[in-house]
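Peer 1: Residue strings, one per chain:
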Amino acid sequence: AQSVAQPEDQVNVAEGNPLTVKCTYSVSGNPYLFWYVQYPNRGLQFLLKYITGDNLVKGSYGFEAEFNKSQTSFHLKKPSALVSDSALYFCAVRDFGFNKFYFGSGTKLNVKP
Amino acid sequence: GAVVSQHPSWVICKSGTSVKIECRSLDFQATTMFWYRQFPKQSLMLMATSNEGSKATYEQGVEKDKFLINHASLTLSTLTVTSAHPEDSSFYICSASPQNGHYSNQPQHFGDGTRLSIL
Numbered sequence: 001a002q003s004v005a006q007p008e009d010q011v012n013v014a015e016g017n018p019l020t021v022k023c024t025y026s027v028s029g030n031p032y033l034f035w036y037v038q039y040p041n042r043g044l045q046f047l048l049k050y051i052t053g054d055n056l057v058k059g060s061y062g063f064e065a066e067f068n069k070s071q072t073s074f075h076l077k078k079p080s081a082l083v084s085d086s087a088l089y090f091c092a093v094r095d096f097g098f099n100k101f102y103f104g105s106g107t108k109l110n111v112k113p
Numbered sequence: 001g002a003v004v005s006q007h008p009s010w011v012i013c014k015s016g017t018s019v020k021i022e023c024r025s026l027d028f029q030a031t032t033m034f035w036y037r038q039f040p041k042q043s044l045m046l047m048a049t050s051n052e053g054s055k056a057t058y059e060q061g062v063e064k065d066k067f068l069i070n071h072a073s074l075t076l077s078t079l080t081v082t083s084a085h086p087e088d089s090s091f092y093i094c095s096a097s098p099q100n101g102h103y104s105n106q107p108q109h110f111g112d113g114t115r116l117s118i119l
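Line by line, the protein sequences give chains A and B.
Position one of the first sequence corresponds to residue 1 (this note's numbering), numbered consecutively onward.
Position one of the second sequence corresponds to residue 1 (this note's numbering), numbered consecutively onward.
Certain hints may be false.
What the hints assert, rightly or not - Quick list of in silico lysine-lysine cross-link-like pairs, PhoX-like style, CA-CA up to 25 Å:
#, chain 1, residue 1, chain 2, residue 2
1, A, K112, A, K22
2, A, K22, B, K64
3, A, K108, A, K22
4, A, K77, A, K58
5, A, K22, A, K77
6, A, K100, B, K55
7, A, K22, A, K58
8, B, K20, B, K66
9, A, K112, A, K77
10, A, K112, B, K41
11, A, K100, B, K64
12, B, K20, A, K69
13, A, K112, A, K69
14, A, K100, A, K22
15, A, K69, A, K49
16, A, K108, B, K41
17, A, K49, A, K100
18, A, K58, A, K112
19, A, K108, A, K58
20, A, K69, A, K22
21, B, K55, B, K14
22, A, K100, A, K112
23, B, K14, A, K100
24, B, K41, A, K77
25, A, K100, B, K41
26, B, K55, B, K20
27, A, K108, A, K77
28, B, K20, B, K64
29, A, K100, A, K58
30, B, K41, A, K49
Stated by the list, open to error - Estimated spans, in silico, between C-beta atoms of each pair:
#, chain 1, residue 1, chain 2, residue 2, range
31, A, D54, B, E87, 24 to 30 Å
32, B, N70, A, S3, 41 to 47 Å
33, B, K55, A, K58, 36 to 42 Å
34, A, L56, B, S117, 26 to 32 Å
35, A, L56, B, Q29, 42 to 48 Å
36, A, E8, B, S18, 38 to 44 Å
37, B, Q29, A, K58, 27 to 33 Å
38, B, P98, A, S70, 41 to 47 Å
39, B, Q29, A, A1, 26 to 32 Å
40, A, E15, B, S73, 43 to 49 Å
Quick caveat, the hints were computed from the structure, so don't treat them as lab data.
Think of the CB as a built atom: it goes at the ideal place given N, C-alpha and C, for glycine as much as any other residue.
Between the sequences and the hints, there should be enough to build the whole structure, so can you do that?
Peer 2: Right under this line is the structure:
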């Protein structure tokens with residue numbers, strides 16, 4: 001079965017500093033990987049996806065993610081964090097066979113002024 | 001872009017009441033929609049897959065008689081929580097994608113969720 005893991009419940013970073021939110025995956029076959037962000041009392045917003053091609057994927061709001069096949073990781077990154085980036089971030093993988101998405105446990109990002 | 005609308009955003013009702021939540025795809029057709037439940041500070045739990053014109057597929061442990069799903073058109077799925085009790089209080093979120101084939105690489109687009117509070 002497909003799965004993703006987010007090892008950090010919370011990440012704290014100062015505004016202006018680079019941020020990384022970690023995600024590792026376990027899939028059979030080629031992975032379709034996604035990152036979403038959730039603000040309080042809202043649904044999830046799509047940030048970016050990796051399907052194939054370049055290992056560095058660029059997405060919305062200045063976020064990017066690096067796909068690393070050997071380490072089975074798909075870490076979310078941003079060169080300079082903003083206070084408004086503070087939110088809950090989810091990594092997800094798509095299961096081909098059952099047309100489902102599996103989500104990680106989520107990482108709360110806190111960006112301090 | 002693809003927009004999913006969910007209504008209502010907030011419901012407070014008495015124990016024993018049935019509550020209906022609507023999920024609409026506004027600018028695309030969706031043969032499949034998904035319903036999730038999210039507990040505080042936790043991830044999304046997939047409850048069921050809603051299939052247009054056929055029965056929903058429920059995840060293990062989800063009571064299909066408790067959580068009724070209807071997907072009568074290509075743009076609307078509804079989740080009805082029947083005879084709701086305080087333990088059903090939660091945040092419910094739906095999602096859909098413009099493309100739902102098994103090999104689709106499209107992301108899911110989410111509604112803004114419904115906060116359900118049962119007194």
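Peer 1: Which numbered hints are broken by the structure, listed smallest first?
Peer 2: 2, 12, 13, 21, 22, 23, 31, 32, 34, 35 and 38
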